[in-house]
Amino acid sequence: MNLLSNLISGLSLGSVYAIIALGYTMVYGISKMLNFAHGDVIMIGGYISFVMTVYLGMNGWVGLLIAIVTCTCLGVLIERLAYRPLRGTGSLAVLITAIGVSYFLQNVALLIWGANPKMFTSLFDGVKALRLAGGKLVVSPESLFTIAANIIVMIVLTLFVNKTKAGKAMRAVSEDNGAAQLMGINVNQSISLTFAIGSGLAAVAGVLMCSAYPVLTPTTGSMPGIKAFTAAVFGGIGSIPGAMIGGLILGIIEIFARAYVSTELADAIVFACLIIVLLVKPTGLLGKKVSEKV
Amino acid sequence: MADRILKTISTRGLKNAVRGSEYKREALISYGILIIGYIVLQLGAVGGLIGRNLQGQFVPICVYVSLAVSLNLVVGISGELSLGHAGFMAVGCYSGVLMSRILLPHIGFEPAIVLVSMIFGAVLAALAGFVIGIPILGLRGDYLAIVTLAFGEIIVNLMNVIYFGFDKDGKLKFAFNHAIEDIENSDRIIAGAIGATGTKTMVTFTMGLLLCLFTVFVVLNLKNSKQGRAIMSIRDNRIAAESIGLNVRKYKLTAFVVSAALAGMAGTLYGLNFSTVAPTKFNFNTSVLILVFVVLGSVGNIWGGIIAASILTVLPEVFRQFADYRMLTYAIVLILVMIATYNPTIKARVKAVWTKINPVKKKDKDKGKDKKRKKSGKEVA
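Protein chains in written order, with the working numbering: chain X, 1 to 294; chain A, 1 to 381.
Source of the hints: derived by calculation from the structure; they are not laboratory data.
From a predicted model like this one, the values you see are computed outputs, not experimental measurements.
Keep in mind that a hint or two might mislead.
As the list claims (entries may be wrong) - Simulated coverage check for chain X against chain A, where a stretch passes if three residues somewhere in it have a Cβ under 8 Å from a Cβ of chain A:
1) 107-113
2) 226-232
3) 255-269
C-beta atoms are modelled at their ideal positions from N, C-alpha and C, and glycine is treated no differently.
Isolated chain X (complex conformation) (with noise of 0.2 Å):
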């Protein structure tokens, strides 16, 4: 019983990090950008949400509503004003200017709401626990929802890349920029689509987190941002149901390692398993080998 509830406390961690790893993929695979602000897009959609329910007295999920609306744009923003201007410049430039946007979100958020951590009402506050097994096994509603919330949105996306025009617009992009450019496709809409996404994404995985650890503080996304972006990597950058099996992976690893190994250990037990599978295959577990050419 205790390693079935450790084996859905992973899922339900894992299914966080797939969801944020699921905007870093998609942005590196169109970008070809580490955006490491991503993690702290988690965390204003997090503050967004505690404003509706907490300060406006709102239901939990016109806040999460509300909250994925604002990172969606904020996502577009950030895009538009920071690393638009730098497309093409090699990595590293955009790479110091996602740090910089990161630096700034994190001190606006310090501005408006102080470095006192705030305390986060469940999307779920009042939902009963589920109880299995004559009691022994309780899964919590949170658990359910996120791993639910994550399937749901990789059915959603799957689809939404591989049938509609705008996601084989972006696949196009993500291939080849320039050859995209040249058969009529709107590369800016492309990136700016992916960007809106891969927020409104983080928004979600930011109230689902925060409902099921519920301290909210400036600096609450970049650890988990930091993991994402592992999973994203470990499952092979750029590749979507990759993001998903990678966040899942590193989600069961932490809580197992944490379980059963040591808690001060267990993110270094995540990141040595990262090491790992990239020793093993150098381009994550279903990232394409890119050959190069003379």
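Once you have looked at the hints, place chain A on chain X.
Same frame as chain X, now just chain A:
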């Protein structure tokens, strides 16, 4: 012969070959900045122009300058993105502090302790660089970046569970994942999440300057050596470099290990400058901070990194009174500077303005170039 080919492969190497004075100029500017900066700060401190708070930043400035210069070896000269430089600094810091505590009862002359500790820190950091570098240097680009990031996080995580201290008989004790039992607070050397503690501070600004000079000396000489040209040619065209028989891994590893060793020395200096250094000091943010110095100082440019590191270490200290807004301003300035320096349209415009202001100099430069260049230059104009 091989050296000749290397110069041809590496475009910057070619420039070096044509203008041998390039190296001398870079060295002169780098050493000049360091020494002049030292003299100015020292005079300011003696004359009472620089307050105590800022004086406390003198050694950290030296530490960050050497970190920036050593990271430049990996990012600028070897062309690999490293996000775990603070990890090597951490290894150097802990091992250096440990060594200094062991030596303290035996050696009375403090600079000697610092020197030995620094060498020990450098050796262990180099070892860490070697162990990490061997498997990962086969990875490319962003994958290498994420592995270095992971390495940095692992180091911080491990530091949280490491304990060193002296027991009652003065013997060195080590514990992993649990605190050492019945130990006096003053006998602790490294204590988990508290970090390196009870260190006797023995670093002076002059030692910091010497470390900076040494770091610049090593990096510049490596850059201008046969190995350096090999490393740069691998950066500029890996396949061409491989095809003339260069051992890519070996050269990349050289740059990585040397950089790690130098970061370890800087880490030791940092550790011996404070009585307590917590492991969180060496997390991802510090690695990123060093990378920001390198990029803002222009990648590959040694003295640019020196200036960026010193200014960006001093500025937050100077603007401490604006407390909350200073980091926000820092973030905005960082974004704006990146856009201003790298945006292609702005770059072209600045260049156009520059040629308008300074047309004579442009002509002089054109004279030296071959016909083909001149022609294309005219077409653009």
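The hints, checked one at a time:
1. 107-113: holds (count 4)
2. 226-232: holds (count 3)
3. 255-269: Coverage by chain A holds for the region 255-269 of chain X (5 residues, Cβ < 8 Å).
Going through the hint list in order, the structure satisfies each hint without exception.
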